[in-house]
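Going line by line, the protein sequences match chains E and P.
My numbering runs 45 ahead of the 1-based position in the first sequence.
My numbering runs 364 ahead of the 1-based position in the second sequence.
Simulated from the structure, these hints should not be mistaken for lab results.
One should not assume that every hint holds.
[Unchecked claim] Where chain P lies over chain E, by a calculated footprint (3+ residues, C-beta under 8 Å):
#, stretch
1, 93 to 99
2, 121 to 129
[To be verified] Some residues of chain P that are not near chain E, with every Cβ distance over 10 Å (derived):
#, residue
3, H413
4, D424
5, F545
6, A558
7, G582
All C-beta atoms in this analysis are idealised placements derived from N, C-alpha and C, irrespective of residue type, glycine included.
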Amino acid sequence: MTEEPYRWLEAIGNRREYIRDQLKGGTPVFACSRPEGILLVGVGQGMSKVFEIYDRHGFAALGHPVDIEKIRQAAIEAAHIEGFNRSTRDVTLRRLIGFALSTTLKNAFEQIYSPPIIVESIFAELGETQPEDVLVRVHFDGHHKYTTDGVVIAHTDQKMEDEATAWVRKQVKADDPLGRVTNVCLTAWRALMDNKGFDDLSPSDAAFTANGKTVEVALLDRKLAGPVHYRSLDLAKIKG
Amino acid sequence: MNGDFLALLPKPNFAQLGAASRPEGLEHVQATTVFAFHCKDGVIIAGDHRATAGNIIFSDKTEKILELDSHSLMAIAGVPATAFEMARTLQTSFEFYRRSQLQPMSLKAKIRALSRLLRDNLPATLQGFGIVQPIFAGVEVDDPKSKPVIFFYDPLGAQFEAATYAGSGSGSGSIKSVLHFLERWGNPPPAEMAVDQAVALATRLLMTAAEFDAATGGVHPDRRLFATIKLLTREGTRNIPMEEQERCWKESAA
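Can you make the complete structure from the sequences, with help from the hints?
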């Protein structure tokens, strides 16, 4: 009997290790708050990584496609029920993540006899102005962090994720067009995938080689008329 | 996870009431005027701004033409509380489906969704306090050859496609008469009118309806009070703003 808590701790540790192992090979996703709106970038192989959640909300994730789908559906359901029962303005990431998704993720993570949810994700909420944009990094165990400095990256390795985030933040200037911001994200994507450092890295203007993967770019467009602000962007067009 | 937003909602309580509880003397009333007709570029859908409660003018600023999504519109006639709730339910349902299923809902499914809401509202309809007779206009999002269509409904949910025009509400009788006349003997008939001409016609039709129906109102071009007029084309919905209505009105009078 006295051993039970220790077994549980060990099981949780094993579970964390198992999930991190399963996440290896996942490709990073990016969110950048810009004057035009919030840019979401992902590079996938067949399966989408960047999604619309609600009128002003987007989602990008890496992990097991079925689990990404679970989280996406849960977020869409929660947002639409809240928007219908109250109003679209009451659908906020603070409530969506704080009271619905993070508890679901934490419960799923701690239910050691059920399959874990293998997802690392980013949620974005478009504000009226750039300083009002909300970006949240959500981990598989429900832990989440709000960011106010305009760039969030989700990757499988925390140290490299922090380095890449700092590098992207440094490279992107206030008046950069979306094409250049996308280029910076894709350069960071390549560096993360190749396990390169960011010390001597500079944004590449060369054509991005996706090696059979699909680049997905979407914008929560601040200027779009009507309630829906999410739109997919054509990579070739925004890069000019 | 089947994209059905209605399945997530609790059943409304009034659906449990029996038809026998209809209060005596309660009349089925749709005091309003909304209509839609085909023009050269798509569908014009319009409505007055008056809401009444018996012989009381409740408001002259009511919006009765509601955008359900970027490619479909609903004109409401009947009990506002139920009609607005139906429109809101459909707005959320269509967006929920599009986002969760990663594809837009088909036009046929949208038409049926409104029919389903009307059928679910049957107890309130039979009791006389929840009757709604809407008009729906929509276009298939994913089919580049699809043309905008107009559907009208009976209060129990049966749907009918309107080949040329549809009207609903207490003032729609006179409008349907004029539209029938113009379709038969007009030169050009409404279906061949350009948008400017069709917008001016819509304003005239509402003023004609207001002449004979006390529950239709709020449209007075001389006081710069115009109707809600929207255009549905292959590309989607477009609101015709007051300034554009005024220009069309003046050009048609010149």
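Here is how each hint holds up against the structure:
Only when three residues or more bring their CB closer than 8 Å to a CB of chain P does the claim for the stretch 93 to 99 of chain E stand; here the count is 5, and the claim holds. With 6 residues bearing a CB less than 8 Å from a CB of chain P, the stretch 121 to 129 of chain E meets the requirement of three and the coverage assertion stands. With a least CB separation of 22 Å from chain E, H413(P) remains clear of the 10 Å interface cut-off, as annotated. Annotated as non-interface, D424(P) keeps its C-beta farther than 10 Å from every C-beta of chain E; the closest such distance is 25 Å.
Every Cβ of chain E is farther than 10 Å from the Cβ of F545(P); the closest lies at roughly 37 Å, confirming the non-interface assignment. Every CB of chain E lies more than 10 Å from the CB of A558(P), the least distance being 24 Å, so the non-interface label holds. Non-interface call for G582(P) relative to chain E: holds, since the shortest CB-CB distance, roughly 25 Å, exceeds 10 Å.
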